[in-house]
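**Student:** Here is how the chains run, residue by residue.
2 protein chains.
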Amino acid sequence: MDNLSMLEKYADLILKKGINLQPNQNVILKSNTDAMDLNRLIVKRAYELGAFHVYVDIGDDEISRLHLSLAPEEALEKFYTYKIDGFTQMLKEDAALISIACPNIDLFKDISPLRLGKSNKASAIAGKEFGSIISNQDVCWTIASYVTDEWARKVFPDLELSYAKEKLWEKVYEATRVNLKDPIKAWDEQSSSLLNRCAKLNEHNFKYLEYTSSTCNLKIELVENHVWLGGSGKNKNGVEFIPNIPTEEVFTVNDKFGIDGSVKSTKPLNLSGVMVTNFSFDFKDGRIVDFSAETGYEVLKNYLDIDEGARYIGEVALVPFDSPISKTNMIFENTLFDENASCHLAFGRAYPSCIKGGDKMSEDALSEAHVNRSLTHIDFMIGSDDLSIFGIEQDGKKIEVFKKGNWAF
Amino acid sequence: MDNLSMLEKYADLILKKGINLQPNQNVILKSNTDAMDLNRLIVKRAYELGAFHVYVDIGDDEISRLHLSLAPEEALEKFYTYKIDGFTQMLKEDAALISIACPNIDLFKDISPLRLGKSNKASAIAGKEFGSIISNQDVCWTIASYVTDEWARKVFPDLELSYAKEKLWEKVYEATRVNLKDPIKAWDEQSSSLLNRCAKLNEHNFKYLEYTSSTCNLKIELVENHVWLGGSGKNKNGVEFIPNIPTEEVFTVNDKFGIDGSVKSTKPLNLSGVMVTNFSFDFKDGRIVDFSAETGYEVLKNYLDIDEGARYIGEVALVPFDSPISKTNMIFENTLFDENASCHLAFGRAYPSCIKGGDKMSEDALSEAHVNRSLTHIDFMIGSDDLSIFGIEQDGKKIEVFKKGNWAF
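In order, the protein sequences belong to chains A and B. Going by numbering that gives the first Met the number 0, the first sequence opens with residue 0, and the numbers climb by one from there. Going by numbering that gives the first Met the number 0, the second sequence opens with residue 0, and the numbers climb by one from there.
Derived by calculation from the structure, the hints in this document are not laboratory data. Certain hints may be false.
Remember, identical chains collapse to one label, so a pair may be satisfied in a single copy or spanning two.
The list that follows gives simulated cross-link-like pairs (lysine-lysine, BS3-like), each with its CA atoms no further than 25 Å apart [as the list claims (entries may be wrong)]:
hint : residue 1 : residue 2
1    : Lys82     : Lys300
2    : Lys184    : Lys15
3    : Lys403    : Lys206
4    : Lys77     : Lys43
5    : Lys15     : Lys29
6    : Lys396    : Lys108
7    : Lys170    : Lys326
8    : Lys355    : Lys403
9    : Lys82     : Lys29
10   : Lys77     : Lys29
11   : Lys170    : Lys233
12   : Lys43     : Lys117
Whole structure, please, built from the sequences with the hints as guidance.
**Tutor:** Now the structure itself:
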């Protein structure tokens, strides 16, 4: 099958499972000039599948870079918000959102962390309502990745570019099950399996998780009434969707103030185009009280300083070390893939749907329940082949959850 | 000089003369995926020249075509207007607007004229305030063209594509004076010359223009207190700008109800991607009472039916047959160029700045002065090498204005 047919299957997966497109629905497609063949296929298939109007927002890496490096500093913080406001309005009126991630890992490596920080913070503030609609899962949304030149070069630096891209597409199709005869069916099965896993974890209703490995020594308290989610989500109208393609994780929300110990990252993290490597966090009462990084320290610091909540964890996610993505035996250098090959945490905002009735709770009520309300949300990987996790039930009973990096039950 | 350097000179011309970028000004750049190299150069140079924030809106021809051919009919008329509303707000707060035209002449040739008509009308209505800010010249704006594959193929169908594009860029640089050593200075001279021409025409203060040629027999009444404009315009703050690159025309406003006779087009017209050829109009009391076209009749009809004013003329423009663009001796198949190689008229909206004090007149006052207030504005070419124009002054004195297609004075 040629790449165009595969790309069309990918577009179909994004529309049918990713956002689960409904008849006469509006769709927002946020993408990039790199991905025009996929963008066009998504628009074409969306209309053929019954979309009402597809609003396409095409960004460009080089223009973003020029803006961040050349615009006056004040312009990084002060800008017209017509676009994010327009999208927010559409989401409130039940539009679905597709984001195509076009990795370009070193894009902002020459931008000063101070300027990056200002710009990210201002964007987070302008997009607060938008971000909360997404993290509340009010609407159907999905993120999928596109193979860019930069990504392929990063992953296969020794291969000729066109061959590197071809090979990376193969891996992407494998990890997203697009290479299977019926990807839609395969995703239905994958969703069921993750939902079963969640059901078991929800039965145990753990109070704490205790992580131990060569790089990790953490005790994490889970929020009372927490819910484990994974695979597909449900929007406020009960329509199922898959927020991340691929996804192998189950996740829930920790008590914002209930983490102690220390952890070292097991994969590098790309923050606004800057690689942060070999970083570690020390926690006391949930707060990151100390941190270090081999590279990218300043950018990491700026992210942790976005607001008070950025210094606290908001998501706890479990992924077996032998997940299909792990089994591709490669580092994708792309959080969307690598987070699905490794247990991870996120600093910043929690998903309200990870607490019972959370999507109907006010900001104040969520804060009172110790649910992190930061503006930011950044995943980082902590999984390894020697990771052991025990869950402590409310009555103190200790259950083995992870053994040598994989599910123990 | 390589094409990148020439393209940078072109970007500079667009910024320095086109919109005459002011320090700390916001800029809207409306362009297309075809023109990314030029778009990026404009953004880069804009910031280097002191812009505050450049908002880039990147459209895509294929996505527009998919939308027009596949979206439900209702979606062509009903859509979110966040983008045009946002741009309108920016213009009200003194942003400048750059539009890069990326000709793709046959793009919509397979779209039903009915669907095209609905979409165009709805866009015109949504963009009413935006259009009126532009036509009132409240802000600095400019349109310049980019050489696309489709345009180059249309103009040089017998040449290999890369050579056709190279050759068309040469012609574009020639017609826009970018090939000269100092294009900015050349444009200053060109503006002065057009302004002098306007001053003379304004002195004569003609009541009528009488056109005669083998394809034209028209008597056109000019509005009382009309003003001839050309070259650079001035925005509401008195900042000079050049709305069209290139420009060779001087133009004014006719009395909406004061045209009688008939005229045949001397160049084809591209309407929404459909070629309208060999069309003719019969006028009675200003109204197009009859029309025909060899091809594109339906699309032309839809444009003329957008509103009541679309059946009336709103602009009268004079261009000598031996203008520099004419002298390139080619048909550019692009109104921005071809209108500057030929006398033309436009049906639809007039420029209020073509009447004394017009930019401060209300819609009602403009209508009472017989100034066309349609939502649309479409130029069409009527110049030829045998065109003769006489001007009749208020006291009946007859002055020769054009002789054998060129200025008589």
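**Student:** For each hint, tell me whether it holds in the structure or not.
**Tutor:** Okay, the hints, checked on the actual structure:
{"no.": "1", "hint": "Lys82 / Lys300", "verdict": "neither (29 Å within a copy, 35 Å between copies)"}
{"no.": "2", "hint": "Lys184 / Lys15", "verdict": "within (11 Å within a copy, 57 Å between copies)"}
{"no.": "3", "hint": "Lys403 / Lys206", "verdict": "within (22 Å within a copy, 93 Å between copies)"}
{"no.": "4", "hint": "Lys77 / Lys43", "verdict": "between (36 Å within a copy, 19 Å between copies)"}
{"no.": "5", "hint": "Lys15 / Lys29", "verdict": "within (17 Å within a copy, 32 Å between copies)"}
{"no.": "6", "hint": "Lys396 / Lys108", "verdict": "neither (48 Å within a copy, 72 Å between copies)"}
{"no.": "7", "hint": "Lys170 / Lys326", "verdict": "within (11 Å within a copy, 57 Å between copies)"}
{"no.": "8", "hint": "Lys355 / Lys403", "verdict": "neither (31 Å within a copy, 84 Å between copies)"}
{"no.": "9", "hint": "Lys82 / Lys29", "verdict": "both (11 Å within a copy, 14 Å between copies)"}
{"no.": "10", "hint": "Lys77 / Lys29", "verdict": "both (22 Å within a copy, 21 Å between copies)"}
{"no.": "11", "hint": "Lys170 / Lys233", "verdict": "neither (28 Å within a copy, 57 Å between copies)"}
{"no.": "12", "hint": "Lys43 / Lys117", "verdict": "between (37 Å within a copy, 20 Å between copies)"}
Checked against the numbered hints given earlier, the structure breaks hints 1, 6, 8 and 11 and satisfies all the rest.
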